[in-house]
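Novice: Sequence:
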Amino acid sequence: MLFFAWNLGIPSLYTSWKRHGVIVFDFWYMMVPQKISALVFNDLTSFISKTYPRDLPNSLIIAQAFILKYPDYGNEFGLSEINRMIEDEIKRGIF
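Residue 22 in the numbering used here sits at position 12 of the sequence shown; the count goes up by one each step and never skips.
These are computed hints drawn from the structure, not numbers from a lab.
C-beta atoms are modelled at their ideal positions from N, C-alpha and C, and glycine is treated no differently.
Just to be clear, a hint being listed does not mean it is correct.
[What the hints assert, rightly or not] 20 angstroms max Cα-Cα, derived SDA-like pairs, lysine to any residue:
(1) Lys79 / Ser90
(2) Lys60 / Lys45
(3) Lys45 / Glu97
[To be verified] Per label pair, the in silico range of CB-to-CB distance:
(4) Arg94 / Ser56: 27 to 33 angstroms
(5) Arg64 / Glu86: 26 to 32 angstroms
(6) Asn85 / Asp65: 28 to 34 angstroms
(7) Lys45 / Asp65: 27 to 33 angstroms
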């Protein structure tokens with residue numbers, strides 16, 4: 011149903027809404043996981059090595075502290091995505 015509505019002209023309506031400043035909740039943006047760039051990964055790695063030189067606390071605490079220090083990354087990726095990346099890297103043994 012959404013596919014047919016999209017083909018009927020919703021894309022042009024969507025860009026028109028964005029142009030006029032109307033807030034549109036984009037379901038596709040929420041469903042597709044975003045890839046975290048190498049720059050964010052480097053910032054996260056240096057943040058963890060400087061802040062937690064010995065033992066690592068819970069990954070959620072690390073993610074919250076990282077977002078407090080870098081709020082732009084928090085706005086772009088969200089707490090859950092950064093937390094997931096930290097957990098994955100802890101499992102791989104990078105941190």
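Novice: Hint by hint, which ones does the structure fall short of?
Specialist: 2 and 4
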